[in-house]
Amino acid sequence: MISFCLNGVWKQEYDVDPSTLLRYLRSVQGLTGTKEGCASGDCGACTVLIGNRNDETSNDWQFESANSCITLVSQLNGKALLTVEALANRGQLHPAQQAMVDCHGSQCGFCTPGFVMSLAGLYRQANAADSIEVNRQDIVEALAGNLCRCTGYRPIIEAGQKMLSMPEPQSGVQQQEFQQPGSQQLGSQQKSSQHPDPQEVAIWCPPPVPDAAAKHNAGGSLAQGNRSANAPVTEKELQLLLADDPNARLVAGATDIALEVTQQFRDIDNTIYLGDIDTLQAITENDQDFVIGSAVSYSRLESLFDQYFPEFGGMLRRLGSRQIRNQGTLGGNIGNASPIGDTPPVLIALGADIQLMNHHGQERWMPLEKFFLSYKKTALQPGEYIRSIRVPKLGEEEALKVYKISKRLEDDISAVLLAVWCKQSQQSIADIRVAFGGMAAVPMRAASVEAALQGKTISPQVFEQAGQQLQKDFQPLTDVRASSGYRLQVAANLLQKCAWELMSPDQVTRIEDIHGDFSGEGQKHA
Amino acid sequence: MRKLVDTPELRRNRQVKGKVGQQSEHESALKHVTGKAQYVDDIPEIQGTLHTAVGGSAYPHARILSMDLSRVWSAPGVKDVITAQDVPGHVDIGPVFPGDPVLVESECEYIGQPIFAVAATSYEAAKQAVKLADIEYEELPAVLDVSAGLKEAFYVRPPHSQVSGDAIVAIDAAPNRISGRQYVKGQEHFYLEGQASMVVPTEDGGMMVYTSSQHPTEVQKLVAEVMGLPFNQVQVEVRRMGGGFGGKETQAAPVACIAALLAHRTGKPVKYRMSRQDDMVMTGKRHDFLNTYEVGFDERGRIQGTKMTVTGKCGNSPDLSDAIVDRAMFHAGNAYFLGEAEVTGYRCKTHTVSNTAFRGFGGPQGMMLGEQMIEDIAYHLGLDPLEVRKQNLFGKDERNTTHYGQLVEDFMLGDMISQLESESDYQARRQAIRIFNQTSPYLKKGLALTPVMFGISFTVQHLNQAGALLHIYTDGSIHLNHGGTEMGQGLFTKVAQVVAEEFQVDLDRIAVSATRTDKVPNTSPTAASSGSDLNGMAARDACVTIKSRLTEFASEHYGVSANQIRFENNHVVITGAPQAEEDNEQWVSFADFVQLAYMNRISLSSTGYYKTPKIHYDRETGKGRPFFYFANGAAVSEVIVDTLTGEYKVLRVDILHDVGSSLNPAIDIGQIEGGFVQGMGWLTTEELLWDDTGKLISNSPANYKIPTAGDIPEDFRVKLVNQHPNAEATIYRSKAVGEPPFMLAISVWSAIRNAVASLADYRYAPPLDPPATPERVLSAVSATRQYLAQVKGALEEGVK
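Protein sequence lines, in the order shown, are assigned to chains A and Y.
Under the numbering used here, the residue at position 21 of the first sequence is numbered 21, and the numbers go up by one with no gaps.
Under the numbering used here, the residue at position 710 of the second sequence is numbered 710, and the numbers go up by one with no gaps.
FYI, nobody ran anything at the bench for these hints, they're computed from the structure.
Some hints could be false.
Claimed, not checked - Taking CB as the label site, the calculated pair distances span:
1) A/T478 to Y/V799: 55 to 65 Å
2) Y/P441 to A/N135: 23 to 33 Å
3) Y/S179 to A/E397: 50 to 60 Å
4) Y/R549 to A/N135: 36 to 46 Å
5) A/P382 to Y/D92: 49 to 59 Å
6) Y/I697 to A/D278: 38 to 48 Å
These numbers were taken from a predicted model, which means no experiment stands behind them.
C-beta atoms are modelled at their ideal positions from N, C-alpha and C, and glycine is treated no differently.
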């Protein structure tokens, strides 16, 4: 069984199809306000808010946007779920909705519920955090995973700005407006207005779980036919499940595995969701490094990385979208082993290690770069899971540079990703690691380039010459994202750019950092 | 209906809400934001509804030798499987010319072309079942690109030319001559709601079709024809689309036809909703175009003669390509006088999905040729492209006839460009950018101002007609229906505003309703930007009919003449009536008056009709007046380009656009901004790609990138031209706005090119075929650097 609070009402499910949340909402619950635009997490029309309780003792819930089309129902145990149907309060629109109407933010309207939910999520965060400054860029970031083909976005961004100046809907107590399955009949709306005795439910602060056992005593599970899905809450449970089926599919954020269901229409027989296990959600810090649990989402890493690895933090803002970063995890990105995953090259450049654990509870550590064996093949054995990633902090004279090249700035998969870790001594290179994504079947270091740079004085010429070694290290593919020739050329040019930036770190050099009135003389924005 | 408080004070001071010219919100805005707006896939399913998936060709060109569908039949949940042999009526559903089988009979002509269709108890079951087909093919030689098609004269329709004077002689006589070519890629519509139809069999053996289509009448016709039914047995309803952009003009019909065939055989309601990937693979897109020009011009860049060719990649069938390539020809000169000119259009057949209508309908691809030509002239002469643009604009008294013989009347672009140049501070920014580019090592800025002059009307004459149906009920509420469809463009809102204006009643008194073939028959597609022009006029005609009946009745009833009766502030006002109150006027609320008319047996319902006057075009001679009028616009874009990576960002955009007297400025600005950003996507990040085997590899939003909120300029200023009503008598002197702003985005492409051209001090025109992806921009940078190296080499040779 899993239980979750849907629009303020706790639901228990036993034998629903352990498929995607979007299918569940539209087919089982009849909640068709949430739309399918792509079924691949790229358009945001299916955006919902998923709430997690901040701690066991309080009833404070933190809501984050997610693509319901690539969220599995089994990820919801103990969580609160909000869809567009529940947002208006007794006919009074939520500020996100009212501002969208006022600013002419909808045209065809198909993407609108998704935008409304992303905006409502931002509104909630801005208000919860007691007046944190939300600027235009924050709004754009919140919306980068929502595609609109009609408006050109200007009125939607304006709605985001307007919404933030509107008062919070009173008390967070909402009328349950959506219809129950099977109750879709004519006249039901009039009926409810004639009987002003609404079942009032708290959508933002869900009522107590009706059956206390539903949460955290044991994990959730779903089964239908020969398909099952489990959501353990301890590593012990996880290990038992893995002992039972060492080949069960591990699910972290599901942002990739769900595509097998929605794009290839495969049935996945047995999945284990890792996100409910507290120990995999932990981040610990000591003087030398961070140890990051494999199920920590990208969103949770943003502020940490901004502080310790600003270029990594900056790149995360271009990894997927807000919805994807709320779901996707560092462990998932590594375990998925895509040659175009964005975090592995950065972690390799930083010299990260990875901790693997098996169903007997035995652990092993290895340098991350040894983990990737060949295309989509890793050192992970059946029955093993990724437990954590150890990331060394930057020392004195050490710098990390990260470059992501894609057709579109936001929410796009890299054609090339370059990460350079460099230890300087005076103006010369004491040590350097140069790692690329998109250049080979696995994320990997450019050995010849590194050799050409070790011990040299930093200059664009030196890096340009080192770039000529790239062809020894890589024979990249031509595919839908870029040609082989472009990948090699841009990789070499990025090395030059890296040299420019190492020499004058305060200059604005990145397209994404440039704003309307840029005159070229300014320094980087704080 | 809520009664208005009715005091003489209020009557006079309370303005009618939602009249023409007001910024009324979209009629469905509240439903959009609450998730209550229903699209086809949201309609509650009748018990037993079946779901559809389609199996498509694995090869671009192949003959089917054998087909074994037994494993498909036996897959879980499958209720029916059909092939072309199961079609009782017409197999070919080509919209204008034949060439589009609803299911392939024997010869496949593109990868993904539908061969068989499955109805199953769930969508997932249907999708899983189609994978089980066993089809044996004989591969045939495939033509995959337009140059191959051109070489072999492999056309879907014959070539066609528009000739004015002798281009060759004029070019040869000119002091300067250049030539150029460009390959302009197509575009995926990416409407957020994919193609969808739900078909419910009726008790008479007919079909009720709910579809997401811009052309319900054609869906009706084609469903009837594949079923072998008279048209009156098929009803089609379209409440709204989740975006259309031309992609649901002809492409919705096959979806409805397949669902209807399965519904007929199973006797069950059948829904066919395409997955995003199927939609991208199986439905047509904007045409790629291969364009060339030769041009002769004087020292100031003024054109004397032009020879152009535009060649559309049509895909496997004619679809609408005849008219689309025509429009590329009409617009190849954009707002410029081409001198003595010859423009020829070719329509190449390729073994790829048949390309179709997309906002601009070939116009953008033609306009790209004219704009590149103008810039090439400028860089050749070392002039600012804006100067050459100005040199070549149509004149007011001379140089004012297009190459297809239409006199350009009420030409506005000279004034509009001056206004925009000054309001956008173009010259000062041009100077600042030159200085920036001289000192910045690898970031370079570019600036461009481009105009748009877009002809309004269907170039196929008979389509320029429309119908409407209007009822007034006895409580004074109004029911409005017309042949136009709502795809987000705000048509229903605008036409309702027309009705509000005519009767001077509040907009919320008017209920807009789904487009239905049994309410208004024989309609044209909602396309060619014509929705408001045509349907607004038809609705107005219905209003006028009813109003004249009401006025006649009032004049008899109150014993006054017709000119003593007016509609104002939700009332009918009778001057000099026996019961007149103050000011010698009697105010009767609209509802009371309508009730009175009903009691006196006055008909409160009417149809309305409109056809566009003045237009004609003779395709034999390539001459005529295909357009009722032109819509105009101009845009200035500023970009910054990273010449190490080819990445870029649009920093600021200023737009001045002409919509005549706006029916609804908020909706019009929405169309301008939305069109601009969609055009920007076409020319920058959206890249269609096929592999060598003819398979579309940009088949998902993961690898086909439309703009996001982060791509739009932070500084985005859009203005409507003030105080310039349409010179032609359109609906309240407004102008069409759907397509024209799309082409304002050419300024972004030009600005990127301008930034790259700075590397060679603006003396070299960088080759930059759109879409200007970072890869293509870097390639333009490389070409420019190579040019510089050659020039330098030549200079050094000279010194030796």
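Check each numbered hint against the structure and report the violated ones by number, ascending.
1, 4
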